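Q: Residue numbers (our numbering), protein chains in the order written: chain A, 1 to 256; chain B, 1001 to 1274.
Please keep in mind that the hints were generated in silico from the structure rather than gathered at the bench. Given the structure is predicted, the values throughout are model-derived calculations rather than measurements. Careful: at least some of the hints might be erroneous.
If you only want the chain B side, here are some residues facing chain A, beta carbon under 7 Å, derived [what the hints assert, rightly or not]:
(1) F1062
(2) Y1063
(3) K1082
(4) D1205
Cβ atoms here follow ideal geometry from the backbone N, Cα and C, with glycine treated the same way.
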Amino acid sequence: MSDWLWGVSRVWLRYYDVFTKSVVFYVVTTFVQPVLYLLAFGVGVGALVGILNANGTPVTYRSFVFSGVIGQTALFSGFFEGAYGAFVRMYYQRVFQAIAITPITLSEVLWGELLWDATKAAVAAEGVALIGVLTGDFSPWSLLTLVPVCFFGSFLFAGMGLMSAAYARDIDQLSYPQYLLVMPMFLFCGVFYPIEALPQALQVVAWVFPLTAVNSLVRTLTLGLPFQWWAVPILFAWLTLLVVLSRRAMFRRLVK
Amino acid sequence: MSDQSPPPLRVANLSKSYRLPGGGAFEAVHDVSFEVTAKQCFGLLGPNGAGKSTTIQCICGFYPPTTGNVFISGIDVHTKPKQARQGLGVCNQEDTLDSDFNVTNQLIRHAAYFYIDRHTARDRAQKLLERFGLTDKATQMIESLSGGLRRRLQVARALISEPKVLVLDEPTTGLDPDARRELWEVLTEAREKGTAILLSTHYMDEAERLCDRIAIIYKGRILDIDSPERLIKKHIARDEVEEEVRPGVLWKRKPNLEDVYLKLTGSRLGVEGL
Ligand SMILES: Nc1ncnc2c1ncn2[C@@H]1O[C@H](COP(=O)(O)OP(=O)(O)OP(=O)(O)O)[C@@H](O)[C@H]1O
Ligand SMILES: [Mg+2]
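Kindly generate the complete structure, drawing on both the sequences and the hints.
A: Here is the structure:
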């Protein structure tokens, strides 16, 4: 166990080292997008919509979107780091191959990759939550209670990314999951409007996709919307499935 | 009487089959066995596609063997990769340098994977960079290095952990004659300190000069293992061979390892006396 932890942390630290050299890049690429969404939808559309009935609770549209962008950030940041980032490291840089012939095993390399992607995306999601705290939309406490949701949600989306990287034959093929999975989730899993606005059948479909569960939990914690307990098993089922499958797929791809 | 401690590297009846997309399998390495003792340099000599890199990937514990075992200082690399690879330094055939780090940090970071502290790593890195003529590139990123400089850095990286077993897959490909000689010297120094070296190469002069023992590998099988001198004596009957190098121009020369290699791995027309 301690050996495992040592190996995984070495890998995590490699990512952290690289990261510290490009903090400005990270801040710009990670936060510009959510801030634009916050302004365009939260403030812009928010002025038109005003108060919204979200799952029986009245909330301002601005707060609703602010909380939605938390999950959306976990999705984008986790998926893109796990998909494009890992693909570059695996295919072009051969970082996995170089580390996995030292006392660190490929299994540890992949745990390190997933944990790093999850950490980075979770921090970004918390950053968005912090903006909401500063604007007075959420209580400061929510930053704390959000940690597990942000982390496990990001972990799940990183797994989705890594799995895509493992199956992509070239980097262009990552567009498939991006357009077929990430974009539909972004638009239909309750980031910009309550999924209760969708027809019943579409609502059921929306619940199958993990971003709905993440958004639901985030809104319970930030806006006090009713707790939808089934979001928890949905999140952990996806998390387990994607972590197991993405690791297996990566092993298949690299270990001949 | 034989030494009780296990040899630095032992490959025992190693076979490796690749799964093919259609569902079949392709056996790239068949029943390969050899040992490399301390202070020895062992060469894998074989044409493209012979199975050299496949063997090396199994030695690293990256690919699992289909059958057989690889032991590093007596530890099975497949079942106990963490312990076994503590004593292993590898330079792969392809470029696996980490392009997110500059030349020095590259080495320090790699050392961290071997439990080596930063301070020790920095010292060793400095010495290695000096040895490999990379000191003036110490703070540059990998992209700015030429192909040969990258190759040198990758060999240097394999040495940062001061391994008991050093595995080099075509280390001198792309090196200029000077750098090649420099590397030969580095390898000679390393083996004097007790390192066991396994290298694959296409260069006959390199193999003949560096290796105490050579395995000629062809289509995944070892055709013969011996010292270069004994291989020549065994397989080339004559003291002198004749070769028509250009129409009408005949060269007479002593037989060399290349003649053995060509004789065992296929036939070359025009060389008399093989
Ligand atoms: N992943 C793979 N899947 C299927 N076949 C493979 C795979 N990797 C290598 N091979 C085949 O196995 C054989 C041995 O390849 P290997 O790379 O070990 O040769 P090599 O001796 O290192 O050659 P070279 O001198 O060109 O580097 C070749 O026929 C090669 O095509
Ligand atoms: Mg090869």
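Q: With a cut-off of 7 Å, does the beta carbon of D1205(B) approach a beta carbon of chain A closely enough for the hint to hold?
A: The hint is violated - D1205(B) has no Cβ within 7 Å of chain A, the shortest such distance being about 29 Å.
Q: Does K1082(B) pass the interface hint, meaning its C-beta sits closer than 7 Å to a C-beta of chain A?
A: Hint on K1082(B): holds, closest Cβ of chain A at ~5 Å, below 7 Å.
Q: Does F1062(B) pass the interface hint, meaning its C-beta sits closer than 7 Å to a C-beta of chain A?
A: Constraint on F1062(B) satisfied, holds at 5 Å.
Q: At a threshold of 7 Å, is the proposed contact between Y1063(B) and chain A supported by beta-carbon distances?
A: Hint on Y1063(B): holds, closest Cβ of chain A at ~6 Å, below 7 Å.
The structure fails hint 4 only (numbered hints given earlier).
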